[in-house]
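Dock chains E, R and F with the ligands against the given chain L, drawing on the hints supplied.
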Amino acid sequence: MKYEYKKGPELYTPIMMRIISKRDLTPDVRFFQIVPKEEFKHLDLDYKPGQFMMLSLFGSGEAPFSISSSPTRKGIFEFAIRKTGKITNKIFELKDGDQLGLRGPFGNGFPIEKMLGKDIVIVAGGLGAAPLRSLLLYILDNRELFGRLIYLYGAKNPQEMLYRPDFFEMLESDQLELYLTVDKGNEGFEDKIEEGMVTHLFKYVNDIDPKNTIACVCGPPVMYKFVVNEILKYNLEKHNILVNLERRMKCGTGKCGHCIIDYRYTCIDGPVFTYWDVIHMRELI
Amino acid sequence: MKKKPTLGIYGFTGCAGCQLSLLDCEDELIDLFSAADIKVFYEAMSNNDDEALVDIALVEGSINTNKQLDELKEIREKAKVLVAFGSCANHGCVQAMALGDGKWEQRFKQVYGDAKFTVAIPREAQPIHKFVKVDAFIPGCPPSKIQMLRAITQLLFGNKPTYTNSPVCLECKFRENECLLNDGKLCLGPLTMGGCTAPCPTHNTPCIGCWGIIEEANHIAELKLLKEKGFKTEEIIRRFRMFGGSEIVEKIEKLLEVAK
Amino acid sequence: MRVLKLSKKDENKLYDVLIKFGEVWAPVPKGSRYVFDKIEKKEDLIMYNEFIRTILPIKKFLMPQELNILNFKPSKYEKPKVDIPTRVIVGVPPCEIHALNILDKFYTTDFVDNYYMERREKVIIIGKSSLPDEYLFSHKTNTSIVEEGYDLFFIDLGDYYLVWVGSEKGDDIVRLGSDIFSEDVPVDVAKDFVAYREKRRKAFTKDIDLEGVTDLMELMYDADFWDEFGEKCLSCGQCTMVCPTCTCFNVIDEIELNKDEGHRRRYWDSCMFKDYSLVAGQHNFRESRAERLKLWYTHKLKAFIGHFGSPSCVGCGRCIITCPVDINVETVVEKLKG
Amino acid sequence: MKKIIEVKHLARVEGDGGIYVEIENDQVKKVQMNIFEGPRLIEALAIGKLPEEVISFTPRICAICTVSHKNVAIRSIERALKYKEDKKTYFARELMHLGEIIESHSLHVFALALPDYLGYPNVIAMVDKYEDVVKQALNLKKFGNKVMQILNGKYIHGENATAGGFGKFPTEKELLEIKKEAEELLPFSIAATDIVGVLELPDYLEEETVFICCNPADNKFGFWGDELIFSNGKVIPSKKYKENLIERTVPHSFAKRSLYKGKPFTVGALARLNCIGDRLKKEAGKKYKKYKNPRWLKNPLFNNLAQTIEMIYCLERIPELVDILLKLPTPEFEKPAKKRGRGVGTVEAPRGLLVHDYSFEDGYVTNANIITPTAYNLDDIEKYFKNSAFNLNKAGKNEDEIAFELEKIVRAYDPCISCATHLVKVVKK
Ligand SMILES: Cc1cc2nc3c(=O)[nH]c(=O)nc-3n(C[C@H](O)[C@H](O)[C@H](O)COP(=O)(O)OP(=O)(O)OC[C@H]3O[C@@H](n4cnc5c(N)ncnc54)[C@H](O)[C@@H]3O)c2cc1C
Ligand code: SF4
Ligand code: SF4
Ligand code: SF4
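Chains as they are written, first to last, in my numbering: chain L, 1 to 285; chain E, 286 to 545; chain R, 546 to 883; chain F, 884 to 1312.
Mixed in with the good hints there might be a few duds.
[Stated by the list, open to error] In silico BS3-like cross-links for lysine-lysine, where the CA-CA straight-line distance does not exceed 25 angstroms: (1) F:K1291 - F:K1175; (2) R:K587 - F:K1056; (3) R:K605 - F:K1056; (4) F:K1051 - E:K430; (5) R:K667 - L:K83; (6) E:K445 - L:K83; (7) R:K882 - R:K847.
[Stated by the list, open to error] Selected chain R positions facing chain E (in silico; Cβ < 7 angstroms): (8) L601; (9) Q610; (10) K736; (11) A740; (12) R745; (13) S780; (14) F818; (15) D820.
It is worth saying that the hints were derived from the structure and are not from the lab.
Note that the Cβ used here is the ideal one computed from N, Cα and C, for glycine as well.
The following block holds chain L by itself, in its conformation from the complex (with noise of 0.2 angstroms):
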């Protein structure tokens, strides 16, 4: 017997997309709304809350960047990009109508299956809010079929809050249970935003049915060991809390390494993982 070589879709090979709107969402995170050129308008690209695409962009590279939009509002990407090094500096350069390359989406994304009718509880650090976006817009055009929704959001302080001004809208809304804070320094918005860690948060967490709630965070590196022990203090099922990590990655579809977590790849079983994973791998978080 000998193996039947089946190639595959050209998996590495991104399609062009141009950009149609971007703004500043802090000093050093931007906003981009991208959609496929023309040539590229007829191809399915659908996705899951949580998934992430590689973007790509001309001499600088390619990186992995969480999708901050929700399928519900099909046809244009939205990504919240952070100013950090060779590409992100170059994608800061760009114009409305310049081009980038994208190929994706990948990554298990959130288990929107299993969380239906569940009540959920989000909770974000920093620019861990930009995947959370995704779930947030999509549970919200989806109201009926989820149960109650918390949503936690911590930032560093009022400037570095991602999506400010629609988070303050949404404090209003009866939608969800939204509860804000900022590290240090919330002076001037003191009606809307806390002081103190994310972790602080968790007293207006009350009334939570361990059974029927899924958590999920995401945020720096630092934050998951204190969330995940508060929420865990709800006796939630371990496989109901998620967790979405960052790791290099230069693939995508589990084949560089980088990424690797014990036997597991961020990109392919990941970036979402349960907390039960967590467990089984040391180092996870």
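Frame of chain L, contents of chains E, R and F with the ligands only:
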């Protein structure tokens, strides 16, 4: 058409090999001259504009006189991006192999006796980052054509060149060489910044470390290993120092302690 | 399964048959080791008896050290069209055929990597068994005998080779070479074969006890010896380069001087390098060498089982020969076993 | 009336140097070839090192003469420590050396000097009008680099050649490639001689001087030998270089100076042709006969022409060397027979006589002396500056015009300023 980026190539003390290796890009030279607006390149042209502000300054050579130091500072003022070009600029190269031993004046006397100089006040060789902010670097003694051209292209494009932080061993294995360390040779590959395509081990001659020390270099482990193989501590340290420049100086004490 | 005979008298004609199928590559000596090299002349195709392994494994044919994966312009990314030659690789040892089977699984699970596939379908594997040296321990990893993954497989039985046909391609070869591959395989050949098997089995000397290491990796995760290894490790990455089942790569974009064109280049990376797990904002998930070593051994001895049901070490012994400071499967297992 | 001619930064030469000339009342008061390149004290650093270390780092004195430095260091060390020299090793070293001569000469003639004569700021600017010449010249240069790369591992600062032999000898395939290319390039190099040969050279600087070069054994042309030969026919053993070529320092330069019998002298391609050019055969010999004339003894500007003739020699010699190398068996590494001793190595770098002189005790260097061609030439360069400045001033030229002519002289000598400043002579420890 977009304005071409301006480029200045400046040389201080060294063998002039880094500039020469630019001239050695026979096939790409014409492209280089058309990709950039070259304002200063003494080794290749006579219509140099010393005063010009430049987008990118490639600085070759170590600083060995006070006059050079002043010039370096001027270049820093004039350049948007200052690049340490080659080993001399990056860490001092061979002229800095005895850096920090406190015997420079003695050596100077050995060579010149009591001769007095009007031309400039000499000083011990130092890499340029000791005096000015360096934005990017191109390693090598001299830089390899391929890595140098890639880096310059990225710089002209407005990017900082990125290197994988890998030692010479990576490319040595790419070229399928038997490891010389296992053959009892004093190879510095694991301590040395990659990018040269490992020409030396490929010719059965050990790497002497001419591209400078890689960030992750484990000198202590290599020292222990080489001692086990029968090399004397002094010889090993001398080898570490040959291209170790200013970086190795900080490690010497620890190494001598381990060697004991 | 078809088994044929190739008399050693006819060995020198083998090249003429194989060259009809593509380039012929075989182990040739380099220093005290071997490398797979292109054979240009008939007389250079030599089946070295003492050949056990090359410096780099056959992964170099399937996922080359450096590979241009895309050409691009500001408005377009395109896979380069390259002509990949068919290569007949002669003398592939059994443990490497196992490694190849692992790579096949790896590159086709979840997503199919076409760069691998395009090369994979262009190699013809002619395996050969040989007696182990003091480093080979494929008997401990269940990879010393192959059942599949080759086109032809040779076993040296003195005056002749027994030749197993493992695929249609293999069958094409023996048909085309019908004047040297003989169908006349008398039953008493079995005696020779059994004797050879027995001799080979006994010749294995390296004793690495892999039993239970999966659990030990877990139990000894925080053991001190990892730090000791970490202090010794040179971070040279040789272990990952020479290991037949290491597959990590890095990707970098280059632009051409004075042109609006560039290339995306893929090249072997190593989890032993510091930047391997570095992410934006300079956060490094595996800052220390000990952590990086742990990852490698987790991956070799434990993690792969989770994915593919077997460890990814095939017992070729390359890491044992290559690591200058003796961090290898043998010494790690020794420590794990206390 | 006072004129000051100053070139702050010499262009199209290797390294950092300048010219300073003062003319007062039609008399040249001061002439200086300044060397700003900082001192590296390489010889002092050589003390206490092992042979292989010295062979690795002294070539860093100069990128463009790296192979000459390697060969001369090896020669000195092999003489000091009594290595046997294997034939194949010997010829492989020669091949590598010729690569450097070709590379260096083609760079200097075409990229650094020719633009002067044709009125261009650099070689790339010549492309429009002289595309073919530039491209072929670059090919020639590339070929020189290729030879060095194959033989020494890299074209600049390779590590393959060392005392006792080569890490790896070139393969048959590589050698045949070298041979083929050399044969292909020969016609261009012959034509190039005529391009340079017809240039009108000015005579305002002319004055007789002494030329010195290595004297290859057996009355052959070549680039090394254990004797030195003078243009007046005198021959001395290399070992006696110190007694004959006396060194001193001057305040305006970190490079030392040397005088022969109290007089400046010149080394380099022109020196070689003046001293041993009559030994050239084949096409090189023909061109030598065609162009040789008495002005060669007094005008250094002929150096570029001499370089082109030497390139023909190299391209004619390379196929011969390849044939020899292909026949010889590959040797084992030679080991030193002794741990102490002194050895003087003399070779001809592209720009002239290069001396390495090491003494060893117990296997380690105790004394090192290196003298580079540029250091030898500096006094003569200043002498020709003086002549030119005087005559051009008299002819009514202004400062800029004079400066340009002086730069031309510098470039004809093709000095490597970096190599001049590694600096010289060390007292015994
Ligand atoms: C699943 C996932 C989702 C992400 N989502 C977002 C997002 O929504 N918004 C956002 O701003 N950032 C996101 N990131 C991080 C983003 O990928 C990095 O900020 C980006 O790679 C930095 O690239 P750079 O060249 O600008 O930085 P540099 O620091 O210059 O990067 C240097 C090199 O490291 C590589 N690198 C650095 N960090 C990473 C990384 N995390 N993964 C892969 N390669 C890396 C780059 O490719 C580059 O080659 C995400 C990362 C992952 C893994
Ligand atoms: S020979 Fe040197 S460079 Fe090559 S792998 Fe061994 S240590 Fe590294
Ligand atoms: S192998 Fe070592 S010595 Fe040779 S070029 Fe590379 S860094 Fe320099
Ligand atoms: S871990 Fe070592 S022995 Fe096992 S397959 Fe890899 S190199 Fe071979």
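Now the hints, each set against the structure:
no., hint, in the structure
1, F:K1291 - F:K1175, "holds (21 angstroms)"
2, R:K587 - F:K1056, "holds (18 angstroms)"
3, R:K605 - F:K1056, "holds (24 angstroms)"
4, F:K1051 - E:K430, "holds (22 angstroms)"
5, R:K667 - L:K83, "violated (43 angstroms)"
6, E:K445 - L:K83, "holds (15 angstroms)"
7, R:K882 - R:K847, "holds (15 angstroms)"
8, L601, "holds (5 angstroms)"
9, Q610, "holds (4 angstroms)"
10, K736, "violated (39 angstroms)"
11, A740, "violated (34 angstroms)"
12, R745, "violated (26 angstroms)"
13, S780, "holds (5 angstroms)"
14, F818, "holds (5 angstroms)"
15, D820, "holds (5 angstroms)"
Violated hints for the displayed structure, listed by number in ascending order: 5, 10, 11 and 12.
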